[in-house]
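Novice: So the sequence lines, in the order shown, correspond to chains A and B.
Its first residue numbered 1, the first sequence is counted upward by one per residue in our numbering.
Its first residue numbered 240, the second sequence is counted upward by one per residue in our numbering.
Just to be clear, a hint being listed does not mean it is correct.
[To be verified] Not close to chain B: a few residues of chain A, all C-beta gaps over 12 Å, as computed:
no., residue
1, Ala43
2, Ala105
3, Gly126
4, Arg181
5, Thr182
6, Gly198
7, Val213
[To be verified] Here are the computed lysine to any residue pairs in the SDA-like style, where the Cα-Cα straight-line distance is at most 25 Å:
no., chain 1, residue 1, chain 2, residue 2
8, B, Lys346, A, Pro209
9, A, Lys229, B, Ala292
10, A, Lys229, B, Gly253
11, B, Lys364, A, Ser81
12, A, Lys229, B, His314
13, B, Lys313, A, Ser232
14, B, Lys313, A, Phe97
15, B, Lys313, A, Arg19
16, A, Lys195, A, Pro209
17, A, Lys91, B, Glu332
These are calculated hints, taken from the structure and not from any lab test.
Ideal Cβ placement from N, Cα and C applies to all residues, glycine included.
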Amino acid sequence: MYDPTVARLTYRALLGRRRALILGALPLLLIAVSVVVRGLAGADDQTASDLLGGLALATMVPIIGVIAGTGAIGPEIDDGSVVYLLSKPVKRSTIIFTKLIVAIAVTMVFSALPTFIAGFILNGNGQQIAVAYTVAALVASIAYAALFLLLGTVSRHAVVFGLVYALVWEALFGSLVAGARTLSVQQWALAVAQKVAGGDMVTSDVALPTATVLLAVVTVLATWYAGQKLRSLTLAGEE
Amino acid sequence: MTTLNIDHVSRWFGNVVAVNDITMTIGPGVTGLLGPNGAGKSTLINMMGGFLAPSTGTVTLDGQPVWRNEAIYKHIGIVPEREAMYDFLTGREFVVANAELHGLGAKAAQKALATVEMEYAQDRKIQTYSKGMRQRVKMASALVHNPSLLLLDEPFNGMDPRQRMQLMDLLRRMGDEGRTVLFSSHILEEVEQLAWHIEVVVAGRHAASGDFRKIRRLMTDRPHRYLVRSSDDRTLAAALIADPSTSGIEVDLAEGALHIQAVDFGRFTTLLPRVARDHGIRLLTVSPSDESLESVFSYLVAA
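Chain A on its own, in the form it takes in the complex (with noise of 0.2 Å):
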């Protein structure tokens, strides 16, 4: 299922080049804001509360979804290198899910590991929010791997659709429209983060079974078909 070699080619081409800056930017950006924060206003629940799910969960964790999960197979598929991979007796299926893992442990290093120290900053844990934010940034991790995996397979504007999902739909939209939060993955982290936090500091408007179950069925579906797209592949000649 996972080939050591695949992953080796993911890994240095999401964090070789200029990916990686923009990759560490973002998180860079939340634990400054969380440094200013807490030095102007001091440690504040409230305040360390909005800032982890306004920044850290609405905002950060989907961009740096977006980028690990199109870039693991995105870039390949449009220059063409991807041939490399397909001409040789390793499983669709394999390359798929090896690129998932990846994209699983890039986005969880760049967006759950930030949070969790900028958590600190913020509140010192107070409450256990950091933890319970940090949780639902790993929870949000997997499904927007696999989400953005899938987007960069079907699609040469993947950056473009998947930004568009996670600033407009996760954060605008389903700020301003109840029935949209239903489907959002923030949502659904928020869900697991709540039962780990415990008191009324972090709110979910989806309840956990509904949101567990979302949240597996479609990082199955979305590794599932990816997988099947990939085995159709078509390399159109350049004439």
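Start from chain A and add chain B according to the hints.
Specialist: Just chain B, lined up with the frame of chain A:
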């Protein structure tokens, strides 16, 4: 013995027919797939390599379907035309990765790098390679698992003459070893130097198949047209038309030139300078007016 069977294969993209009902069998030895740019060679090679589904028809390798069959790549090595590789890797890392994906190790990769004589630059990043070096590393990645079928899409593009010779030697050797080697090209001379057998594709159709010498003769024996300017067009025209190697001459007053149709190519090319010298005429322009590959091919299709 590895035989690639293309059976009544067509491929269209929307309204455009790229490959039109082609049937051919590619057996051991070197086969050249010849055709002008845009003839459908890459589309055909992509279908042979399992990267494109035929709209109709089948492509099989020793009876096994190629499309949606990963296991087939144990037997196929592919050298794509596109430049993109994993540029951030060194040549060695790239070939080792290709070997690993076949379940092989660094030893196989080293052997393949030696075969293409790229050991001297194997530790440099691919992004620093010249086109010829890239081509050789691509070749190494395709050879790493000792495939019985090798597919190469325009492998000589961008190579200098020395690199071209090296690759030709290598492909010839592969053919002699009994492998099935198929390469595409739009340059007749390349195909002529390398392939025993050629398949000609023009505008998506299978135009000719067989021994290259026979096809080459068809190509050189066709009527050639020349545009000639000289210090005395009319005297030159009169002297040339007296010889059976020319079948027609038009004096183009507006252009100030002669349009000459030659039926015996070899004879005409020695006749023209001799006649000019004998009559004290200076030749100012001699240019073939229908040497474009397209016209050569369209002649072939008609023949």
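Novice: Compare the structure with each hint and give your call.
Specialist: Here is how each hint holds up against the structure:
Annotated as non-interface, Ala43 of chain A keeps its C-beta farther than 12 Å from every C-beta of chain B; the closest such distance is 43 Å. Consistency note on Ala105 of chain A: stated as away from chain B, and its beta-carbon is indeed over 12 Å from all of that chain's, at 19 Å minimum. Separation of Gly126 of chain A from chain B is adequate, the least Cβ-Cβ distance of about 44 Å exceeding the 12 Å criterion. The claim that Arg181 of chain A is not at the interface with chain B holds, since no C-beta of that chain comes within 12 Å of its own (minimum 40 Å).
Separation of Thr182 of chain A from chain B is adequate, the least Cβ-Cβ distance of about 37 Å exceeding the 12 Å criterion. The beta carbon of Gly198 of chain A is kept farther than 12 Å from every beta carbon of chain B, the shortest such distance being approximately 46 Å. The Cβ of Val213 of chain A lies farther than 12 Å from every Cβ of chain B, with a closest approach of about 32 Å, so its non-interface assignment holds. About 52 Å separates the Cα atoms of Lys346 of chain B and Pro209 of chain A, which puts this hinted pair outside 25 Å; it is violated.
A hinted pair counts as satisfied when its Cα atoms are at most 25 Å apart, and Lys229 of chain A with Ala292 of chain B qualifies at roughly 13 Å. Under the criterion of a C-alpha separation no larger than 25 Å, the hint pairing Lys229 of chain A with Gly253 of chain B is consistent with the structure, at around 20 Å. Between the alpha carbons of Lys364 of chain B and Ser81 of chain A the distance comes to roughly 16 Å, so the proposed pair stays at or under 25 Å and holds. Straight-line distance between C-alpha atoms of Lys229 of chain A and His314 of chain B comes to about 24 Å, which keeps the hinted pair within the 25 Å bound.
For a cut-off of 25 Å, the pair hint linking Lys313 of chain B to Ser232 of chain A stands: about 19 Å separates their Cα positions. For the hint pairing Lys313 of chain B with Phe97 of chain A, the CA-to-CA distance comes to about 22 Å; that is within 25 Å, so the pair holds. Using a Cα cut-off of 25 Å, the hinted pair Lys313 of chain B and Arg19 of chain A is violated, with the two alpha carbons roughly 34 Å apart. Only pairs whose Cα atoms come within 25 Å are accepted, and Lys195 of chain A paired with Pro209 of chain A is accepted, the gap being roughly 11 Å.
Simply put, Lys91 of chain A and Glu332 of chain B have alpha-carbon atoms about 22 Å apart, close enough for the 25 Å limit, and the pair holds.
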